Each structure stands twice: as structure tokens, then as C-alpha cells.
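Q: Now for the letters of each chain:
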Amino acid sequence: METQTITQEISDAKAETAKAQAVELTGSEALLEALIVEGVDTIFGYPGGAIMPIYDALYDYSEKLNHILVRHEQGGIHAGQGYARSSGKVGVVFATSGPGATNLVTGLADAQIDSTPLVCITGQVFAHLLGTDAFQETDVINITTPITKWNYQVTDATEIPEVLAKAFYIARSGRPGPVLIDITKNAQIQKFNYEGYTPCNHIRSYRPKPIVRPQYIQQAAELINSAQKPFILWGQGVILGEAEKEFKAFVEKSGIPAAWTILGAGAIPTDHPQNVGMLGMHGNYGPNVLTNECDVLIAIGMRFDDRVTGRLDKYAKQAKVIHLDIDPAEIDKNVKSTVPVWGDCKETIPMLTQLVEKREHTEWLNTFHEYTRQETEQVIHNELNPTTEEMTMGEVIKHLNELTNGDAVIVTDVGQHQMVACRYAKFNNTRSNVTSGGLGTMGFALPAAIGAKFGAQQRDVVAIIGDGGFQMTLQELGTIMQTGVNVKIVILNNRFLGMVRQWQELFNQRRYSFVDIQSPDFVTVAKGYGIAGKSISDRSELESSLKEMLAHDGSFLLEVFVTKENNVFPMVPQGCSVAEIRLK
Amino acid sequence: MEIQETDKQEFNITVYTENQIGLLNRIAIIFTRRKINIDSLNTSPSEIDSIHRFNIVITESEEVVRKLTRQIEKQVEVLKVYYHTNADVVWQEMALYKVSTDVIAEKVSVERLLRENGARAVTIRKDYTVFEATGHREETDNLIKILQPYGLIEFVRSARVAIIKDSEGFNSKLREFERLEPGEEVIENEYLNKGQKVFTM
Chain A
1 METQTITQEI SDAKAETAKA QAVELTGSEA LLEALIVEGV DTIFGYPGGA
51 IMPIYDALYD YSEKLNHILV RHEQGGIHAG QGYARSSGKV GVVFATSGPG
101 ATNLVTGLAD AQIDSTPLVC ITGQVFAHLL GTDAFQETDV INITTPITKW
151 NYQVTDATEI PEVLAKAFYI ARSGRPGPVL IDITKNAQIQ KFNYEGYTPC
201 NHIRSYRPKP IVRPQYIQQA AELINSAQKP FILWGQGVIL GEAEKEFKAF
251 VEKSGIPAAW TILGAGAIPT DHPQNVGMLG MHGNYGPNVL TNECDVLIAI
301 GMRFDDRVTG RLDKYAKQAK VIHLDIDPAE IDKNVKSTVP VWGDCKETIP
351 MLTQLVEKRE HTEWLNTFHE YTRQETEQVI HNELNPTTEE MTMGEVIKHL
401 NELTNGDAVI VTDVGQHQMV ACRYAKFNNT RSNVTSGGLG TMGFALPAAI
451 GAKFGAQQRD VVAIIGDGGF QMTLQELGTI MQTGVNVKIV ILNNRFLGMV
501 RQWQELFNQR RYSFVDIQSP DFVTVAKGYG IAGKSISDRS ELESSLKEML
551 AHDGSFLLEV FVTKENNVFP MVPQGCSVAE IRLK
Chain B
1 MEIQETDKQE FNITVYTENQ IGLLNRIAII FTRRKINIDS LNTSPSEIDS
51 IHRFNIVITE SEEVVRKLTR QIEKQVEVLK VYYHTNADVV WQEMALYKVS
101 TDVIAEKVSV ERLLRENGAR AVTIRKDYTV FEATGHREET DNLIKILQPY
151 GLIEFVRSAR VAIIKDSEGF NSKLREFERL EPGEEVIENE YLNKGQKVFT
201 M
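Going down the list, the sequences are from chains A and B. For the first sequence, full-length UniProt numbering assigns the number 1 to the initial residue and increments by one for each residue that follows. For the second sequence, full-length UniProt numbering assigns the number 1 to the initial residue and increments by one for each residue that follows.
Treat the hints with care, since some could be wrong.
[Claimed, not checked] With beta-carbon atoms standing in for the labels, derived distance ranges: (1) A:Q458 <-> B:E47: 52 to 62 Å; (2) A:Q228 <-> B:D141: 38 to 48 Å; (3) A:Q354 <-> B:T85: 39 to 49 Å.
[To be verified] For lysine-lysine, the following DSS-like pairs were computed, each having C-alpha atoms within a straight-line distance of at most 30 Å: (4) A:K333 <-> B:K8; (5) B:K67 <-> A:K209; (6) A:K248 <-> A:K398.
No lab work stands behind these hints: they were computed from the structure. All of these numbers come straight from a predicted model, not from anything done at the bench. Here a beta-carbon is modelled for each residue, glycine too, at the ideal position from N, C-alpha and C.
Let the hints inform the model, and build the full structure from the sequences given.
A: Structure, rendered in C-alpha cells:
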């Protein structure tokens with residue numbers, strides 16, 4: 001009885017304090033308070049009319065919240081993605097209504113397909129103006145519905161704490177993704193009785209992770225234990241689930257060779273003896289060919305993208321498939337599984353590790369090594385140690401590996417240089433490969449590298465970008481200039497839109513339709529922004545220039561002229577099975 | 001792999017959701033993105049206050065329907081999705097028919113036909129009469145054919161509403177959803193519990 005009274009007293013006291021603490025805040029202030037409680041330290045954004053009240057409030061919060069003024073909202077959201085990918089935290093982006101919001105669309109689509117946690121705040125016209133074609137009014141909720149995990153329009157300030165709590169919870173939990181909150185101007189201005197912020201940890205209609213079925217773990221383990229040629233494919237799910245250690249333990253105990261999708265790169269180090277390389281269209285030879293020879297395929301946190309599977313009706317038909325994924329909609333979406341393992345891989349992998357026998361698949365692993373030998377002989381050696389006068393993309397990456405020792409965060413754009421960088425870059429650590437995987441967004445790398453540096457300030461961040469992609473978002477050099485953020489930029493300039501050119505060469509009879517792209521003098525452009533730079537076309541300067549770039553105090557742009565018409569191989573041509581991968 | 005036309009049949013998709021603006025669009029685009037036509041769509045309250053229920057009818061293969069239901073269920077404000085063939089549900093559609101009152105008054109046969117087809121008058125005016133009929137698609141279609149010779153002025157049919165034969169309602173399910181750690185059954189599992197009743201599926 002007595003304890004009850006005490007408890008009662010305590011909760012009364014708490015209620016009193018809460019009441020006493022209730023202060024009058026504007027919607028904008030409540031929003032910024034929410035960000036602080038959620039542990040946000042960096043915001044990437046661009047102001048405008050409909051988000052002005054939030055920016056006005058931000059003026060007083062600038063000590064707690066570091067706002068990075070970007071040069072374009074697309075740059076802002078890609079920076080938010082880079083931040084999220086390198087830090088594992090939720091990226092936060094501000095944009096105004098209308099064009100500000102529509103400029104977020106590419107980044108939202110990119111974050112949605114690559115499962116990147118973001119909370120984007122857009123300003124919106126006054127609620128009474130909604131639907132009147134008011135100045136800078138766009139129906140951002142309907143525009144972004146297919147490309148957000150969740151979105152919501154706030155028209156009343158009192159909703160803000162609860163909606164923000166939901167936004168962060170949804171963005172980061174389960175399979176992460178982008179959330180957009182559209183806040184009308186009146187709600188930003190409106191004062192209300194703010195009673196504090198309670199983070200959200202449950203929404204009744206939302207199941208972030210399916211419940212693990214021990215029966216399936218059991219079945220999966222039995223399959224693995226009876227397998228002669230088991231093969232692990234891992235994806236970004238291992239990184240998103242922060243299950244790198246658990247994954248490594250599983251790989252090492254089971255002795256199974258493991259290959260990665262580009263977004264999974266780095267979850268275990270590149271030089272781990274069981275890491276047999278990259279999957280997919282430009283992946284390694286062995287992993288592609290042997291996908292169609294293994295007897296049990298263990299897919300962990302990957303979604304069987306068409307760039308990974310090639311022709312689906314000839315994909316791993318001989319294999320029994322175990323698919324571990326947190327998103328039930330991914331199971332059986334593209335590849336039918338024999339044993340589906342729903343659940344968070346942080347939980348499911350250790351359960352599996354416990355049940356699998358300790359084994360060494362030496363002979364099977366050697367089969368992979370034999371393919372590596374062939375690939376090295378026919379492709380890799382020439383790419384990394386070319387005898388041509390002009391430099392190759394691969395040798396640039398090789399020298400970079402030697403200088404960074406595999407510890408840098410590598411951010412890539414989209415195209416040939418991306419495939420080369422993902423194939424040859426050395427990753428010792430997780431969260432080191434930041435690239436636009438599913439959407440293939442050119443222009444991603446420069447802003448994403450800025451964000452990645454803010455997300456991992458102790459690490460070196462090197463952006464590898466093509467001459468085409470760099471010109472899509474080069475305005476973000478202004479962001480580098482103003483913030484002084486230290487980002488190393490390597491432009492691999494082949495004076496072509498290389499990947500399209502490669503396809504035109506191989507499949508369109510060399511009809512080079514609009515791939516011959518001219519570029520400005522990038523070093524002069526960088527200089528205009530106060531960024532040091534250098535352009536080289538001679539191999540003898542490569543190593544020293546990379547050293548100079550890495551040693552430079554501050555950002556540095558290094559343009560490397562490489563062979564104009566080099567092709568990325570191996571390649572699984574479109575419409576072919578993974579076993580039909582070509583070495584030339 | 002092309003889905004054979006012959007694999008396609010009508011499926012009734014039942015979606016339990018929160019009542020949220022914009023959710024209709026979120027669900028609709030899951031179909032339109034794949035260029036799948038929605039044959040019928042109805043939104044209504046459910047047996048539980050605050051929980052809404054969508055009845056969606058599409059003609060597709062079960063394989064496609066299963067994937068669609070998972071995509072729908074993935075939406076944050078969707079609680080649960082079920083799909084059933086026509087045999088697994090009790091369903092009705094309602095239709096309204098406007099015909100000239102003069103014709104009805106003059107031709108006794110029309111009255112008989114309407115009676116035979118279970119139609120009833122909802123409005124009778126000097127100039128026109130509106131009849132209502134409820135039933136399956138072929139029944140309401142049939143009445144169009146019957147009334148056409150007598151000068152059918154206007155016709156409209158409602159979306160389909162369907163009750164799942166095997167359902168025990170959503171109340172117990174919802175209580176599980178409201179718990180922080182729901183029971184195992186919340187996760188639909190076609191492999192483990194194949195062939196059992198819908199609510200332990």
C-alpha cells in the first residue's frame with residue numbers, strides 16, 4: 001500500500017514538472033527541439049519563402065544544430081544520404097516548398113531504392129492556400145508518395161512533436177528509408193503549449209521487423225550443413241542491420257565463400273580470405289559463374305536486383321535458396337526461396353551461426369580462386385598494370401588503395417568509374433563505400449562526399465567521379481568552399497559518357513550517339529571556388545599527385561585523363577544469364 | 001517469365017488500415033505502377049472504430065497478387081492485407097437503373113422482369129423511376145440487358161463489398177498489433193501454416 005502511494009506521489013510530481021516545463025513554442029521551435037532530442041547534429045538545407053519561419057528559429061539554434069547551406073536542394077539531399085551512409089544516423093534535409101521540394105525528388109527516389117534513412121522537412125504554403133495554385137505551391141505529398149517510406153503534411157503546430165517522433169522512428173527502423181514531412185507556413189509560425197518530446201518506439205500498423213521463426217533457422221542450418229557447394233551473397237542489409245561482426249562470425253565458422261553486391265561492399269574486408277568478390281553485371285568472374293553451380297545459395301540482406309541476377313529464369317536454378325531479409329516483401333519477389341528467413345539479420349545470423357557446423361570448403365573455395373586467376377590474367381592485370389600510354393581508371397584506384405591503405409570512405413558517382421572503383425577499391429571497414437546503387441544517379445558523388453565527410457569527420461573521404469557526372473552537381477563546390485569541408489575529388493576524365501559509350505560500342509555498332517561530352521577546365525573551375533587542384537595525363541605524375549591530394553590541407557580536385565575508349569569487363573550482357581559473363 | 005493469361009482470375013483484396021489522408025493514393029499506386037487495372041475499389045469503416053477497410057478487386061495471377069499484398073502490407077499505415085478468390089468471400093455489388101416511368105406504367109412485363117430480378121424501386125417520379133438491384137456482377141449486368149429495350153436512361157454500379165467467409169473479425173488481431181511485442185501469428189506465413197484458416201495463415 002505504502003509503495004503504491006509513493007509511486008503515485010512520484011508520478012504526480014512528474015506530472016507537475018511536466019506542466020511547469022510546458023512552454024509556449026512555435027511550430028518551428030518545436031521542430032528544432034525534436035531534432036536535438038533525436039541526436040541530430042547536422043542539417044543540409046536551402047532556405048526559401050515557405051520555410052522561412054523554420055530558418056528564423058534556426059538562427060537561435062545554430063550552436064546546437066550545424067546547418068550546411070548547399071547550392072541546390074538535390075545537393076542537399078545527396079549530402080544527407082552521404083551523411084547517413086557514412087555515419088549510420090538519419091540524414092536531415094531542409095527545403096522550401098515548390099521547386100525546393102521538387103528538387104528533392106531524385107534524392108528521395110535514390111534513398112528509397114537504396115534504403116537510406118532520411119528525414120526531409122519541406123516548407124509548404126499556408127494551409128488556407130492549399131490547392132489554390134499559390135506561389136511556390138506544389139503537391140509534394142502526392143509527388144513523393146511512391147518514393148518515400150512515409151510522408152505526412154502538418155497543418156497544425158501541435159502535431160509536430162508526435163509527427164517528428166514517428167518520422168525518425170520510421171526512417172531508421174526496420175528496412176530504413178526516406179521520410180518527408182511537409183509543414184505549412186502557418187504551422188511553423190503557430191504557437192502552442194509544448195510539453196516536451198517523446199521519441200516513438202511503436203506504431204500499431206507498422207511492423208519494422210518480422211518475428212524470427214526458429215523453425216526456419218533450423219531448416220536453413222540443415223540445408224547449409226548438408227551442402228557441398230554453398231555460396232553466400234550479401235548485401236547492404238548486413239551494414240544497415242549493423243551485423244558486420246555477426247556476419248563475419250557466420251562466414252568464418254561455416255567456411256563458405258561469400259560475394260557482395262556493391263552496396264554490401266566493406267561489410268567484411270576486401271582481403272578477407274573468404275571474400276570472393278563482387279556480384280553482378282560488372283562483378284567478378286567466379287561469383288557470377290558459380291552462382292549457377294552452387295547447391296545452396298544463402299542470400300543475406302540483398303534483394304536480387306536485375307543487375308545482380310542477369311536473366312532471372314536462368315539464375316541459380318540448380319540451387320536451393322535461403323533468403324534472409326528484414327522486409328517480407330523482398331522474399332520471393334525475384335527469386336523463389338526454399339527457406340525464407342524473415343527477420344533482422346542481427347538476430348537471425350547468430351542463430352544460424354550457432355547451428356551450422358564448423359567447416360572448411362577448401363576445394364570449393366579453390367574453384368573461386370581458379371576463376372580469379374583467369375580473370376586476373378585476362379582483365380585485372382591489364383587494368384591495374386596497363387602497358388598503354390594512356391592511364392586506366394583501374395590503376396588510379398590501385399594507387400589510391402596503396403596510399404589510403406583501404407581506410408578511406410570512397411564515394412562514387414555512376415558509370416564506368418563507379419564499376420571500376422567498386423571492383424578494385426580496397427575496403428577495410430564497413431560504411432566505406434558510398435554509391436548510388438539502385439537508382440544509378442549521376443551527380444550523386446560530389447554532394448554525397450560532402451555529407452559523408454560530415455558523417456565521418458575522422459576519416460578521409462575520396463570522391464571518384466566521371467567527367468559527365470561531375471558536371472551534374474558541380475555547383476556543390478560552393479558548399480565545399482563555404483564550409484571548408486575536406487573532401488578529395490578525383491575526376492576520371494575519359495572525355496566520354498563512358499558507360500553509354502561502352503554499350504554503344506558493344507551493342508549499337510559503335511554508333512556513338514551523344515556521348516562525346518566536352519568539359520570545362522575543371523582545375524580552373526575549382527580554383528574559382530578557392531579549391532586547390534591539379535590535372536594530369538602522364539602516368540609518371542599519378543602517384544605523386546595522389547599523394548599531394550591526400551596530404552593537402554583541405555579539399556583538393558585531381559583530374560586524371562584516362563583512356564578514352566576503355567571498357568569495363570567482365571560483363572554480363574543484358575538478357576544473358578550470370579554464367580554467360582564475358583571477359584572481353 | 002510471362003504470366004499466362006489463363007492463370008488470371010478475380011481476387012478480392014481486403015486491406016485493414018488506419019484512417020489516414022493520402023493512404024488511398026499510396027495503395028492505388030502499388031497497382032498503377034505495375035500497370036494493373038483496379039476492377040473495383042471500395043473504402044469503408046470496418047467492424048472496429050477507427051480502422052478502415054479497403055475492398056479491392058483485380059484480375060491477376062495468384063503469384064502477382066501475393067507480391068502486391070506484401071507491397072501493400074509494407075505501407076506504414078496498413079495493418080493487414082488478405083487476398084481471396086471469389087469462392088472464399090461473400091460479395092455484393094449494388095446497381096441503380098433509371099427508366100422512364102411512362103414505360104413502366106404502360107408495360108406490365110417490365111414490372112414482372114424487375115421483380116424476377118430482385119430489383120426494387122427507390123424513387124418514383126412522374127418522369128422517371130430509379131430501381132436498385134444488388135447481387136453479383138452477372139446479375140446486375142443481366143438487368144441492364146433486360147431494361148435496355150425499354151429505354152434505360154442511366155445506369156451506375158457500385159464497387160464490390162466482400163466479407164471473408166473464414167474470418168473471425170479483426171478485433172483480436174488488432175489487440176496483438178497494439179502490443180509492443182505481438183504474437184507470432186501477426187506475421188503471415190504462407191509456408192508454415194499453409195492451408196489453415198485465414199487468421200492463422
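Q: Are the hints correct? Go through all of them and say.
A: Structure-based check of each hint:
With their beta carbons about 56 Å apart, Q458 of chain A and E47 of chain B fall inside the hinted range of 52 to 62 Å. Taking 38 to 48 Å as the suggested C-beta distance range, the pair Q228 of chain A and D141 of chain B does not conform, at roughly 59 Å. The hinted window of 39 to 49 Å between Q354 of chain A and T85 of chain B holds, with their beta carbons roughly 41 Å apart. For a cut-off of 30 Å, the pair hint linking K333 of chain A to K8 of chain B stands: about 18 Å separates their Cα positions.
For the hint linking K67 of chain B to K209 of chain A, the alpha-carbon distance of about 18 Å falls within 30 Å, and the restraint holds. Pair hint K248 of chain A plus K398 of chain A holds up; C-alpha atoms about 25 Å apart against a cutoff of 30 Å.
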